[in-house]
Amino acid sequence: MNAPETVKSLAAKLAAGEASAVELAQDYLAKIRAANPAINAYVETNEDATLAEARAADALRAEGRAGPLTGVPLAHKDIFCQTGWHARCGSKMLESFAAPYDAGLIERSRAAGLVTLGRTNMDEFAMGSTNESSFYGAVRNPWNTGHVPGGSSGGSAAAIAAGLAPAASGTDTGGSIRQPAAFCGISGIKPTYGIVSRWGMIAYASSLDQGGPMARTAEDCALLLNTFAGFDERDSTSLQRPAEDYTRALAQPLAGLRIGLPKEFFGDGMADDVRAAVDAALATFRSLGAVTVDVSLPRAGMSVPAYYVIAPAEASSNLSRYDGVRYGYRAPEYGNLDDMYVKTRAQGFGAEVKRRILIGAYVLSHGYYDAYYLQAQKVRRLIAQDYEAAFAQCDLIMGPTTPNTAYRIGQNDEDPMAMYLGDIYTTSVNLAGLPGMSIPAGFGAGGLPVGLQIVGRWFDEARMLGAAHQFQQTTDWHLRIPG
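Under the working numbering, the first residue of the sequence shown is numbered 1, with each subsequent residue one higher.
Among these hints, one or two may not hold up.
Subject to a maximum C-alpha distance of 25 Å in a straight line, what follows is the list of computed DSS-like cross-link-like pairs (lysine-lysine) [unchecked claim]:
#	residue 1	residue 2
1	Lys92	Lys343
2	Lys8	Lys31
3	Lys343	Lys354
Label-pair ranges, simulated between beta-carbon atoms [what the hints assert, rightly or not]:
#	residue 1	residue 2	range
4	Glu233	Thr83	17 to 25 Å
5	Pro4	Val293	29 to 37 Å
6	Tyr369	Ala16	53 to 61 Å
7	Gly335	Glu244	56 to 64 Å
8	Gly367	Ala56	35 to 43 Å
9	Ala62	Lys354	45 to 53 Å
10	Glu18	Glu388	46 to 54 Å
11	Thr292	Phe459	17 to 25 Å
12	Glu333	Glu244	49 to 57 Å
13	Thr292	Pro37	38 to 46 Å
14	Ser207	Glu388	12 to 20 Å
15	Val293	Arg55	20 to 28 Å
Since the hints were derived computationally from the structure, they do not count as laboratory data. Glycine residues also receive a C-beta, built at the ideal position from the N, C-alpha and C atoms.
From just these sequences and the hints, can you work out the full model?
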């Protein structure tokens with residue numbers, strides 16, 4: 001089996017002069033032209049812009065001013081503002097919106113010399129777990145195109161799995177990096193809240209949203225996180241901390257590492273094929289010297305209801321700006337100002353976005369704020385305390401990323417609650433602001449990938465990435481590619 005290209009291998013090729021940035025970009029653009037129509041991972045490509053960036057990267061190398069990743073191609077989720085590209089966020093509401101500035105993550109990506117291949121498809125305004133709510137059509141899972149890739153960063157995950165990008169940016173509000181990474185058999189990390197700038201990242205739920213890298217390997221994620229992470233004074237939630245090297249623990253042995261296994265993550269809700277793959281992965285960690293200990297997260301079952309109160313409440317506020325007045329879609333026909341508001345939002349938003357706006361407006365309304373929103377915030381604090389108590393007994397927490405493998409397209413059309421419950425293992429990490437990642441751990445029924453979730457203490461990304469890397473030095477699940 002030929003190993004797929006990784007960020008590390010492409011950077012090595014560029015450094016050795018075995019390939020130019022232009023050649024790499026042309027190769028990936030050709031693959032996108034050939035394969036994207038069947039997968040719908042990309043919603044926009046601009047070959048002129050991509051090749052211009054690649055030529056600039058080659059010029060930096062020729063001048064001896066290249067960084068470690070200069071010239072490496074990647075894709076960006078269509079939620080980040082980026083000059084020269086549309087930022088549609090999977091919505092009709094922003095169909096013609098061209099960003100006038102670069103998001104903080106994009107700025108750092110450009111400064112590192114990374115080359116943009118295109119903009120990846122996503123659930124509308126990042127609301128969804130299947131990538132079926134996009135105005136630009138559903139993304140299909142490269143392992144089985146009758147199944148979803150996960151969401152909301154499904155376009156990024158599908159592009160990597162299909163070999164249409166070596167890496168991509170994503171965002172994670174309740175699992176939107178980790179869940180599609182699991183469904184598509186790749187690696188993805190949601191850093192500690194505040195590590196990566198949210199400036200220029202179109203908001204869904206501001207206290208939960210976090211950008212991060214997606215790639216084939218944990219090592220690639222570490223290299224990209226070195227680029228993406230950093231303080232941004234324009235983002236009031238950005239954390240001012242000393243710069244760190246997220247690759248520093250990659251070579252660290254796992255002897256003595258304590259892995260906590262929450263009993264709440266291994267209950268009846270997990271499918272048998274997922275359980276078998278996760279158990280096998282944990283056995284591999286034990287063979288590498290780690291020890292497993294039983295821990296408890298007693299409020300884990302409350303994370304989904306708390307999340308689906310807090311996130312829609314913040315979304316209803318954030319999305320109030322899309323009214324047809326300032327920017328974005330405007331209804332073509334209306335009678336007066338109120339009519340314009342109503343028709344613009346009715347026509348511009350999809351069903352899932354409308355559902356969450358209505359839920360959010362309800363829980364924030366007079367008479368219900370204390371009963372729902374305030375209570376959910378209290379539960380959020382209790383969930384964080386549960387994690388603190390668990391980490392007193394262990395170094396990392398592991399378990400399944402999702403309770404099942406990828407759904408069939410259309411499977412949950414009539415039952416959105418089933419989609420929401422698919423986030424049962426991921427939402428608590430966002431509520432607590434912790435770092436979490438998913439790595440490939442095997443395959444389930446029908447040859448669909450299974451993901452293993454790793455959760456660390458606040459700012460413990462390097463330890464998580466190191467443990468994942470050691471696992472990937474022993475296994476080859478991350479190198480498997482769809483047939």
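Evaluated hints:
1. With a CA separation close to 13 Å, the supplied pair lysine 92 and lysine 343 stays within the 25 Å bound.
2. For the hint linking lysine 8 to lysine 31, the alpha-carbon distance of about 20 Å falls within 25 Å, and the restraint holds.
3. Distance hint between lysine 343 and lysine 354 is fulfilled; the C-alpha atoms sit about 13 Å from each other, no more than 25 Å.
4. Checking the proposed 17 to 25 Å range against glutamate 233 and threonine 83 shows it holds: the Cβ atoms sit about 20 Å from each other.
5. With their beta carbons about 35 Å apart, proline 4 and valine 293 fall inside the hinted range of 29 to 37 Å.
6. Checked against the hint of 53 to 61 Å, the C-beta distance between tyrosine 369 and alanine 16 comes to roughly 60 Å, which is consistent with it.
7. At roughly 57 Å, the beta-carbon separation of glycine 335 and glutamate 244 lies within the given 56 to 64 Å, and the hint holds.
8. In this structure the hint that glycine 367 and alanine 56 lie 35 to 43 Å apart at CB is violated, the actual value being about 57 Å.
9. Look at alanine 62 against lysine 354: about 52 Å separates their beta carbons, and that is inside 45 to 53 Å.
10. Range check, glutamate 18 to glutamate 388: about 48 Å between beta-carbon atoms, so the 46 to 54 Å window is met.
11. At about 23 Å, the beta-carbon gap between threonine 292 and phenylalanine 459 stays in the expected band of 17 to 25 Å.
12. In this structure the hint that glutamate 333 and glutamate 244 lie 49 to 57 Å apart at CB holds, the actual value being about 55 Å.
13. For threonine 292 paired with proline 37, a C-beta distance near 45 Å keeps the hint of 38 to 46 Å intact.
14. Take serine 207 and glutamate 388: their Cβ atoms lie about 18 Å apart, and the range 12 to 20 Å holds.
15. A hinted range of 20 to 28 Å is violated for the C-beta pair valine 293 and arginine 55, which are about 53 Å apart.
When each numbered hint is compared with the structure, violations occur for hints 8, 15.
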